[in-house]
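*Asks:* From first to last, the protein sequence lines are chains A and B. My numbering applies: residue 2 is where the first sequence begins, and numbers increase by one. My numbering applies: residue 46 is where the second sequence begins, and numbers increase by one.
Read the hints as simulated data drawn from the structure, not as lab findings. Quantities reported herein were computed from a predicted structural model and do not represent experimental measurements. Hints are not guaranteed to be accurate.
[As the list claims (entries may be wrong)] Covered stretches of chain B (chain A as the covering partner; in silico rule of three or more C-beta atoms under 8 Å from a C-beta of chain A):
#	region
1	236-246
2	320-329
[Stated by the list, open to error] Below 25 Å or equal to it, Euclidean Cα-Cα: the simulated BS3-like pairs (lysine-lysine) are:
#	chain 1	residue 1	chain 2	residue 2
3	A	85	A	155
4	A	175	A	155
5	B	348	A	274
6	B	293	B	280
7	A	85	B	348
8	B	334	B	280
9	B	129	A	315
10	A	54	B	334
11	B	129	A	253
12	A	80	B	129
[As the list claims (entries may be wrong)] Examples of chain B residues lying across from chain A (beta carbon under 10 Å, computed):
#	residue
13	202
14	209
15	310
Glycine is no exception: its CB is placed at the ideal position from the N, C-alpha and C atoms.
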Amino acid sequence: MARVDRTERLLNVVFCLRGAARPVSRAQIRASVAGYEPEASDAAFERMFERDKDDLRSLGIEIEVGSFDPLFNDEAGYKIKQEKYQFELGDISSTEVSLLSLAAEAWQEASFGDVAQRALVKLRSIGIPSDELSIPASVHKLNDGGQDLSLITKAIAHNQLLAFNYLDSHLGIKMRSVVPIALSTRNGFWYLSGVDQEIQEIRTFRVDRISGAIAASAGPKDFQTPVGFDPSTAFSESSTHDFALIDVRVGKASSLRALAISTQSLGEWDQVKIPILNLDSLCSLVLWHGPDAFVQEPAELRDLVVEHLEALVKNHG
Amino acid sequence: MVKKFSAPLERTARLLDLVPYISSHQGISLAELAKVFNVDQGQMTSDLTTLWMCGLPGYTPLELMDLNFESGFVTIHNAETLSKPRSITFDEGVALVLGLDLLRSAISPERGDLLERIDLLSQRLAGLINLPSALSATSVVNQDVSGAITAALKSRMGLEISYHSLYRDELSTRSIFPIEIVKTDSHLYLSSYCHTASDFRQFRIDRIQTATVQAVQQEIPKSPIQQSSHTCTVKVLTPTREVAERFKQSELHVNTEFNCQTYSTQWIERSIMASGRAVCLQSPPDIRKSIAVMAQTMLDRYKAR
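Go ahead and model the full structure; you've got the sequences and the hints to work with.
*Replies:* Below you can see the structure in the form of structure tokens.
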């Protein structure tokens, strides 16, 4: 008999267990599945079979010990449960197949691209044709979050602890230990929110600012996922009570206007009120707009802008 | 890392997924099947041969699986127990749930029927892989804009867009002929011929504020007009994350100098201004000078108060 390679043996095990009407005993598996050498020792067969079970489990195929046959109750039988082997999405319509296909296509050239493609093949294998939906999906794409998204989502599902180096605003690198609770996108970036173990508070990190590899380990046993956390609030203005008043020229400074909670017309200029989340980044945005933006309040922001302007004059004069 | 399986395991998964795909696509050509599974035709033939061998009776208690592919078209019969698609993996479920969430943000609220289906699908998928509802993705593109772009690309029509140029800080109305959607630096751009500028331009889709389909105006020239680019030398005074991200530099130290290439003098001026004391523009001298003048004008205004 020709040598049977690992893929063939694994397939044979699956075919054998899926095709059998009742649980199959070890002895039957050993005798009938091509690939288990008849002349191998019992121990060698055991090792091989255990390894094959692990391999199949990593592919999502669970080999379980089935019920004992009352007549031969000295040996356990094995089976692969239908409900765990098959994609059980229930009744599914053409419209739903289309929605799922569009969802998978959103990953084109991004983190889960290959995985989404594989999911798409499974969906198409259901054999239900998709509807032509008038959703312009090609214009909505998910951004690449690197290779870490899979690790992060698994950690969220299992309350694992993630340790990673994070770049602070001065390019300093600090080690963070976080139990992640949410993953979200905003303005084309991926954000991870979680309970920072050092301060026991929720913090949000931009995934592309994580430096190097993320290490995942078992999380704290008593971890309780904070209830009612909404990732979108991590970016909202409600968390601050400090506001800046900035004059912006009419028709200019759209990026500052986009942040305003109110705008007052002053003729050639408009005055916008902007919540201060981070003084340095607001200062930078004001400077970006050059003579089209002028800070009225607070003095702290004015002073910072003036300080930078003085340096710019000195460095470029 | 998105987990990569070893080659034999990868192949096992592919062979198992082949059975349901062929079952629901009887008579599919070998070439097309190879394309769907992203392998070459030689590999697909070898996959099918292995599958055929494993399906032979005697090897397993399974009935004879009847697989035919000699004609170049593939059919399968008697594979009932394996003909349903396999359950989705955790990563596959996550990809679909996030993709659905993005889709939800891209669908007009008037389509309540679709939104409801998305929610139900998402819950069902999350249930299958035991995923807590902690993932969210939102589209940065306005629904009306994406609708108009898709329609224009499909029917080879032009578009009238209002576009916010970040560097000029101006909202302009342009008449464009869209060519294709391209992805650069994780942003989507609409590569187009701009009739207003009489040249090829790329418009960042999330900065297109309105878009209306219109008839094409005129012929498009074959080759783009050469734009002049500027080379700038920037010196780092204080290494900050903001500077690293703005200028796309990875290694920054005090006194590091780097070059950057740009078509827009406004971009370099604004980038230097926004970086404040953290950087200094070394060259070109005319942009250096205009930064000094601009900063002085602004400073005078603050001091006058």
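*Asks:* Confirm or reject each hint.
*Replies:* For each hint, the structure was consulted:
Residue count for the region 236-246 of chain B with a Cβ under 8 Å from a Cβ of chain A: 0. That is fewer than the three needed, and the coverage hint is violated. Residues of the region 320-329 of chain B lying with their CB closer than 8 Å to a CB of chain A number 5, which satisfies the three-residue condition for coverage. The hinted pair formed by residue 85 (chain A) and residue 155 (chain A) meets the criterion: a straight-line CA distance of about 19 Å does not exceed 25 Å. Restraint check for residue 175 (chain A) and residue 155 (chain A): satisfied, since their Cα atoms lie roughly 23 Å apart, inside the 25 Å limit.
For the given pair, residue 348 (chain B) sits about 22 Å from residue 274 (chain A) by alpha-carbon distance, which is consistent with the 25 Å threshold. Our distance criterion of 25 Å between C-alpha atoms is met by residue 293 (chain B) and residue 280 (chain B), whose separation comes to about 14 Å. About 73 Å separates the Cα atoms of residue 85 (chain A) and residue 348 (chain B), which puts this hinted pair outside 25 Å; it is violated. Our distance criterion of 25 Å between C-alpha atoms is met by residue 334 (chain B) and residue 280 (chain B), whose separation comes to about 16 Å.
Our distance criterion of 25 Å between C-alpha atoms is broken by residue 129 (chain B) and residue 315 (chain A), whose separation comes to about 72 Å. Between residue 54 (chain A) and residue 334 (chain B) the CA atoms are separated by roughly 71 Å; this puts the pair beyond 25 Å, and the hint is violated. Note on residue 129 (chain B) and residue 253 (chain A): the hinted pairing is violated, with a Cα-Cα distance of about 58 Å set against a maximum of 25 Å. For the hint pairing residue 80 (chain A) with residue 129 (chain B), the CA-to-CA distance comes to about 17 Å; that is within 25 Å, so the pair holds.
The interface hint given for residue 202 (chain B) is broken, as the beta carbon of that residue sits about 14 Å from the closest beta carbon of chain A, more than 10 Å. This hint holds: residue 209 (chain B) has a C-beta 6 Å from the nearest C-beta of chain A, less than the 10 Å allowed. Proximity of residue 310 (chain B) to chain A is violated relative to the hint, the smallest CB-CB distance being about 13 Å (cut-off 10 Å).
Hints 1, 7, 9, 10, 11, 13, 15 from the list above are not met by this structure, while the remaining hints are.
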